[in-house]
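Asker: Based on the sequences and whatever the hints tell you, model everything.
Following our numbering, the numbering of the sequence shown begins with 4 at its first residue and continues without gaps.
Simulated from the structure, these hints should not be mistaken for lab results.
Note that CB positions come from ideal geometry on N, CA and C, so glycine has one too.
There's no promise every hint is true.
As the list claims (entries may be wrong) - Derived CB-CB ranges, DEER-like:
hint: 1; residue 1: P10; residue 2: I47; range: 34 to 40 Å
hint: 2; residue 1: P36; residue 2: P10; range: 19 to 25 Å
hint: 3; residue 1: A73; residue 2: E12; range: 28 to 34 Å
hint: 4; residue 1: R39; residue 2: L63; range: 34 to 40 Å
hint: 5; residue 1: G57; residue 2: P10; range: 34 to 40 Å
hint: 6; residue 1: G53; residue 2: E85; range: 34 to 40 Å
hint: 7; residue 1: V72; residue 2: T41; range: 20 to 26 Å
hint: 8; residue 1: A37; residue 2: D74; range: 21 to 27 Å
hint: 9; residue 1: F49; residue 2: A93; range: 27 to 33 Å
hint: 10; residue 1: R39; residue 2: R78; range: 14 to 20 Å
hint: 11; residue 1: G87; residue 2: R17; range: 29 to 35 Å
hint: 12; residue 1: E88; residue 2: R46; range: 24 to 30 Å
hint: 13; residue 1: E12; residue 2: N82; range: 29 to 35 Å
hint: 14; residue 1: D74; residue 2: R39; range: 17 to 23 Å
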Amino acid sequence: AETVDRPGEGIGWRTLPGAAIPNEGWVRFHPAPAGRGTVATLRIRFDPPGGPLGDGLIKLLGATPLDMVADAALRRFKNLVETGEIPTTARQPAARADTH
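Answerer: Structure representation (C-alpha cells):
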C-alpha cells in the first residue's frame with residue numbers, strides 16, 4: 004500500500020493495483036473537547052467484492068466486515084495508547100496450569 008504520514012494530523016493509505024479488496028483510508032487525530040485527550044477518526048472507502056451483489060449484501064447486513072475489523076482495530080489501538088498493552092484472552096505463559 005502507499006502511505007502518507009502527516010505528523011500531528013493523521014495517516015492515510017491506498018492499496019496498490021491488484022489488491023484483493025481495493026481500499027483507501029485516513030486516520031485523523033485531533034484534540035478532544037476540554038483537553039480530555041485525543042479523538043481518532045477513521046474513514047475507509049472500498050469497492051466491495053462481488054460488484055452490485057456484494058454491495059446489496061452489505062446494505063442488507065448494515066455493516067461490512069471492514070467496519071467490524073476497523074472497530075476492533077481502533078479498540079486495540081485505544082487500549083495500547085492508554086495502557087501500553089493490548090488485552091487478550093490468550094493463556095499467559097506464567098499462568099497456573101488447569102487443575103480440572
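Asker: So, for every hint listed, does it hold in this structure?
Answerer: Each hint tested on the structure:
| no. | hint | result |
| --- | --- | --- |
| 1 | P10 / I47: 34 to 40 Å | violated, 21 Å |
| 2 | P36 / P10: 19 to 25 Å | holds, 22 Å |
| 3 | A73 / E12: 28 to 34 Å | violated, 19 Å |
| 4 | R39 / L63: 34 to 40 Å | holds, 38 Å |
| 5 | G57 / P10: 34 to 40 Å | holds, 36 Å |
| 6 | G53 / E85: 34 to 40 Å | holds, 38 Å |
| 7 | V72 / T41: 20 to 26 Å | holds, 22 Å |
| 8 | A37 / D74: 21 to 27 Å | holds, 25 Å |
| 9 | F49 / A93: 27 to 33 Å | holds, 30 Å |
| 10 | R39 / R78: 14 to 20 Å | holds, 18 Å |
| 11 | G87 / R17: 29 to 35 Å | holds, 31 Å |
| 12 | E88 / R46: 24 to 30 Å | holds, 27 Å |
| 13 | E12 / N82: 29 to 35 Å | violated, 23 Å |
| 14 | D74 / R39: 17 to 23 Å | holds, 21 Å |
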